Amino acid sequence: MNCERFQKILMEGLSDLSPLERKAWDEHRQSCPSCLQEALDFEALEGMVRELPPETVPPPDFWERQTHAILSRIDRRPEKKAARFWDILFQPRGLLAAAAMILLMVIGFRFWQQERPLGPNEVGEPLASRLLEEAFEEGTSDDPMDELNPDQIDSYYAVLAEKYLPSPEEWDEDADLFADLNPEELDRLIDHFERKSDRRTIL
Amino acid sequence: MGGPTFIEERRLGADEDRILVEEVLSGKVRAFETLIRTYQKTVFFTALRLLRKNEDADEVTQQTFFKAHTHLSKFRFESSLKTWLITIALNLARNHLRSRRRETVLIDEQWAEQWADPKGEDFVSMTDEEGRRQWMRSSLEGLPPTQKEVVVLRIQEELPFKEIGRILEMSEGTAKVNFHHGMKRLKEGYEKLQKRERQ
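Here the protein sequences line up with chains A and B, keeping their order. Each residue of the first sequence is one higher than the one before, counting from 1 in this note's numbering. Each residue of the second sequence is one higher than the one before, counting from 1001 in this note's numbering.
Derived from the structure by calculation, the hints contain no laboratory data. It should be emphasised that the depicted structure is a prediction, and the values quoted were computed from it without experimental measurement. If a hint is listed, it holds; no wrong ones were tucked in.
Here are the simulated DSS-like pairs of lysine-lysine, each with C-alpha atoms no more than 25 Å apart in a straight line: (1) K1184/B - K1195/B; (2) K1184/B - K8/A; (3) K1162/B - K8/A; (4) K1176/B - K23/A; (5) K8/A - K1187/B; (6) K1067/B - K1053/B; (7) K1192/B - K8/A.
Can you make the complete structure from the sequences, with help from the hints?
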């Protein structure tokens, strides 16, 4: 072992040394006078620091009083109150949960709207829009008109007539009345007009 | 190396720490009292070294154990219980110092004066124990604060450099370097004093 390594170990402590290293360190200590002096000085200083009494020594009952003061401070600590709804909500976690819940509700509502069966009292523009939307959705095989009751069918045609037929003063012989409809919509409309003409009074 | 320390406290190993913490968390009334009695001197004198006033060190010690009790369930045994408590105490003591900024300035000035002209060497004799104590106290106070803290934590509290680094928010290597410089300065003073004694 060289002097540099010896002094490094002296500073960092001997506790982590292997038995072999410890032996080498002890041998160097005995054989190198300058390192021996170094070790003796270090140990003397270390002993002085270790045994240095505190600058002020508290009175004998100080520790007892301090212990009781700490324990009574802990006893006096107010119990944790049950968290209130608003307190929880305005915590970051609460806000995140609320946002997730709102998102779920929006998704759920849209899903429910799509799947919701037609209600018997559903009429007018909302009914018409929904039927048009559903009828031309890709992959839809069932005709939603089949589920309607007579009142709903009349209401539907009334909306279509209002939407697509011009008023008498706007009537133009050359105008294409159904220019806004795509061929599929047109076919479907004509089909309904033909099949249900006995119930129709408007056209 | 080793030997008795002036601050006589029961030293607990990692397993005893764990048992004590588990007892506190399970609601054993006397367990926290044992924890206080085990570490209160270490915590108090750590705070006192920084704050230099008994009343302030007492207050910081009480706050340290109060805080430790509140957060004990979060203690993960990544360090020893003693290191954890010293870390809390030093943080609280530093906050305390910040609120006493004017006095902190005075302490720094006092330190600068001492370092420029270490008074210990002028009047102490190394032949008697009290003289050696006076010299050591004065020399320790003369060290830059970080070196002093590392030397005290290493020798008086017998903490490994890794834990000292954790407490003082520095790497293990920096803690070792500070210890080395601190001991070197103490040794320089010691050699000067010995030379004077021989003359």
